[in-house]
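Fit chain B to the supplied structure of chain A, relying on the hints for placement.
Chains as they are written, first to last, in our numbering: chain A, 1 to 337; chain B, 1 to 274.
Note that these hints are calculated values from the structure, not bench results.
Incorrect hints may appear among the rest.
To be verified - With a straight-line cut-off of 27 angstroms between C-alpha atoms, the simulated DSS-like cross-links for lysine-lysine are:
#	chain 1	residue 1	chain 2	residue 2
1	B	15	A	4
2	B	68	B	53
3	A	147	B	15
4	B	117	A	147
Stated by the list, open to error - Sample of chain A residues lacking proximity to chain B, with all beta carbon distances greater than 12 angstroms (derived):
#	residue
5	17
6	29
7	58
8	181
9	192
10	216
11	235
12	319
13	329
By construction, the Cβ of each residue, glycine as well, lies at the ideal position given by its N, Cα and C atoms.
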Amino acid sequence: MQNKPLTWLGWVLFLGGLLFAAGFLALAMGPASIPLVKIPALLWGKEPGIEASILREVRLPRLLLGFAVGGALSVSGVILQGMFRNPLVEPYTLGISGGAALGVCLAIVGKLNRWLGIFSLPASGFAGAVLVIFLVYFLSLRKGIVKIQGLLLTGVMISFVSSSLIMLLMAISRVEDLHGIIFWTLGSLGETDWMLVKIALLTSFLGLLASYFFCFDLNAFSLGEEEALHLGVNIERDKRMLFLLASFLTGLSVSLSGIIGFVGLVVPHFVRILVGPDHRILLVSSFLLGASFLILCDTLARVVIAPVELPVGVITGILGGGIFIYALARSELISGK
Amino acid sequence: MILDIQNLSCGYNGKPVLREISFSVQSGEIVGIIGPNGSGKTTLLRALTKILKPDQGQIFWDRNEINKMKFRELAQKVAVVSQNPALDLNLTVEDFVLFGRFPHRRHFQFLEGQRDKEIAEKAMELTGVLKIRERMLGNLSGGERKLALLARALCQEPEFLLLDEPTAHLDITHQVEILDLVRRLNRREGMGVILVLHDLNYASEYCDRLVLLHGGRLYRLGPPEEVLTYQIIEEVYRTTVVVRSNPISGRPFIFLVSEEEKRGKRSSPAKKRT
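Next comes chain A alone, as it looks inside the complex:
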C-alpha cells in the first residue's frame, strides 16, 4: 500500500513549485520584459526605477489578484461539485455571477462611481452577488431542508433572468457605458488597487481554510446524501454552510475581476484526475493549480497581442477547454483498455 500522506505532500510541493514558476513568468513577461534573474532584487530591493515600479505597482498586484481569484474559484468549484455530486456544476451555475454582473451594470449605467470612486464596481458587484445568494438560498429552503436540485434549478433560472436584464440595460445604455459593461463581463485582472488585492488574498485564504473544516463531510457526500447521513454527517447544516462559503468566494472573485469562466469548472476536474477524489488533498491542490492556471492565462492575455490586452476569460475558456478535452480523451483511452 502506498503511503498516502507522502504522496499528498509530493503533490502539494509539485503544485506549489508550479505556482512559483508561473508567478515568476508572470512577473518577467509583458510589454517590457524583465530578465528573471533581476526580479528578486527588484522586488525586495529598495532601488527606484521604471522596472521596479512596473513590478511592484502593476505586475505584482495583478499576479496576487490572479492567485487569489484563481484559487477561490477553484475551491468554490470543488465544493459545489462535491456537494451537488454533479461534475457540471461550477461557481457560475448558481446565478451568483449573473447577480454580480447585474449589480455592476447598474453601477455603470447609474454612474455610481461618482459617489464611490474605484470601489463602485466591486462593491455593487458584491452586493448583487450577495442578493442572489440569499434569493437562491431562501427560494430553495423548504421546511428547513435545502433541496439540492431546487437550489440548482433556482440558480440557473436566476442566471437567465439576470442575463436578460443585463441585455435590457445594454440595449438602452449609451455607447461608453456599453464598452464598460462588455469589458467587465469578459473578465480582467486589471484591478490594481492594493487594498482590494489584499482583501481578495485574505478572503481566498480564509475560504480555503474554512473549506478544510468540511473536507471529510465532502468526502462522505460522494456516497450520496443518505449514506452520508448514515455516517453521521449533518448534511442539512453542511449544505447551508458549503453553499454560503462557495457563494461568497465566487461573489468576491466576480466582483473584483469580472466573469472569468471555466477555472472553477475545469480545474477541479483536472485535479481530480491527478490526485484522486479525496477532498483532503483535492481542495488545496485545486487552489494551487487554479491559481497557477489563472496567472498563466493572464500572462498570455497580456503578451499575445501586446500592447493590446486580451480579456483573460477568453484565454481561460480556450486554453482550459482545450486542455481538458485532451485530458479527458487521454484518460478514457487509458482506463478504457
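Just chain B, lined up with the frame of chain A:
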C-alpha cells in the same frame, strides 16, 4: 443496547405510511422486518436512522430519544447497509471501508490512525474483501459490492446493524454468505441485527423474531413459527401458499402454489396438496 419503538407513526409530506408501530429489539437478537411491497418496511428503517422524523410516537436507542441524538452519535452505534446506494464508483474498496471510521473521528484528526486501519482491515477480512481492497467499487460484481458495503458498516464498530434487503439481486452463494456472516456477528459479538427481507424463507431461517407489516401497521410480531403460518401469509400477501417445516432446521418453509396447480390442470405426480 436496546431499540425501543413506541407508538410510531410517520410518513412523507404528511401522508402517513406507518401507523402506531410499537416493538423493541434486544442487542442479542436478529429481527426480520417482512411485509408486502409498500407496507412500510424501508420507511421504518429510515425512521430508525433519523432520516425520516416521526409524526407521532418515539424511538429510543438505549433510552436516548432519537431526536435528541446527533447524527454522529447515532452513527457510532448504528450502522446501515442500504439496498442500492449510488456510490462514487471511483473509490477503492479500502478507501470506501475506511469511511466507516468517519463517525469515530476525533476533532481535528486529519489522517486515519493505525487503529482505524486495523479495524478496517479486520472488517475487510471478516467480509472477505481483503483480497480486492485495491479494486475500484465500479469494477466489482453485485455480490462483492454488497460485501464491501457490509465491511464499511462493520468498520463503524456498531452495536446495531440495519440491513435493507441484503440479499436482493444476489446469487444464493452470496445470499447465504452474507446472512451467515450477519448471524455469526450476532452470535459472537452480540451485535443487534435488523433485517428487511422480501424472501420469507430466508427470514424464517435466519431471524429470531419477525415483524410483519401490513398496510403500515404491525400485523404480527413473534418467532417465525408463529408469524409464518399459511393463514397469515395468505391474508397479508393474498397468495396461496403451503407451509412445511424445513427438514434440517425445523423452521417454517413456504411453498408457492401456481395458478395452474390451484386449478388442478397440470397432471404431475407431486400434485397432492394436503
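Consistency of the hints with the structure:
Restraint check for residue 15 of chain B and residue 4 of chain A: not satisfied, since their Cα atoms lie roughly 49 angstroms apart, outside the 27 angstroms limit. Between residue 68 of chain B and residue 53 of chain B, the direct Cα distance comes to roughly 12 angstroms. Compliance with the 27 angstroms bound is thereby established for this hinted pair. Distance hint between residue 147 of chain A and residue 15 of chain B is fulfilled; the C-alpha atoms sit about 19 angstroms from each other, no more than 27 angstroms. A threshold of 27 angstroms between alpha carbons decides the hint, and for residue 117 of chain B with residue 147 of chain A the separation of about 35 angstroms lies outside it, so the pair is violated.
Non-interface call for residue 17 of chain A relative to chain B: holds, since the shortest CB-CB distance, roughly 23 angstroms, exceeds 12 angstroms. Listed as a non-interface residue, residue 29 of chain A keeps its Cβ farther than 12 angstroms from every Cβ of chain B; the least gap is roughly 38 angstroms. Distance check on residue 58 of chain A: its Cβ is at least 40 angstroms (rounded) from any Cβ of chain B, clearing the 12 angstroms threshold; non-interface status holds. With a least beta-carbon separation of about 41 angstroms from chain B, residue 181 of chain A lies farther than 12 angstroms from that chain, consistent with its non-interface assignment.
Annotated as non-interface, residue 192 of chain A keeps its C-beta farther than 12 angstroms from every C-beta of chain B; the closest such distance is 37 angstroms. For residue 216 of chain A, the condition that its CB be more than 12 angstroms from all CB atoms of chain B is violated, with the nearest at approximately 6 angstroms. For residue 235 of chain A, the shortest C-beta to C-beta distance to chain B comes to about 8 angstroms, within the 12 angstroms cut-off, and the non-interface label is violated. Under the 12 angstroms C-beta cut-off, the non-interface status given to residue 319 of chain A relative to chain B holds; the minimum distance is some 26 angstroms.
Remark: the non-interface label on residue 329 of chain A is consistent with the geometry, its nearest Cβ contact in chain B lying 18 angstroms away (cut-off 12 angstroms).
When each numbered hint is compared with the structure, violations occur for hints 1, 4, 10, 11.
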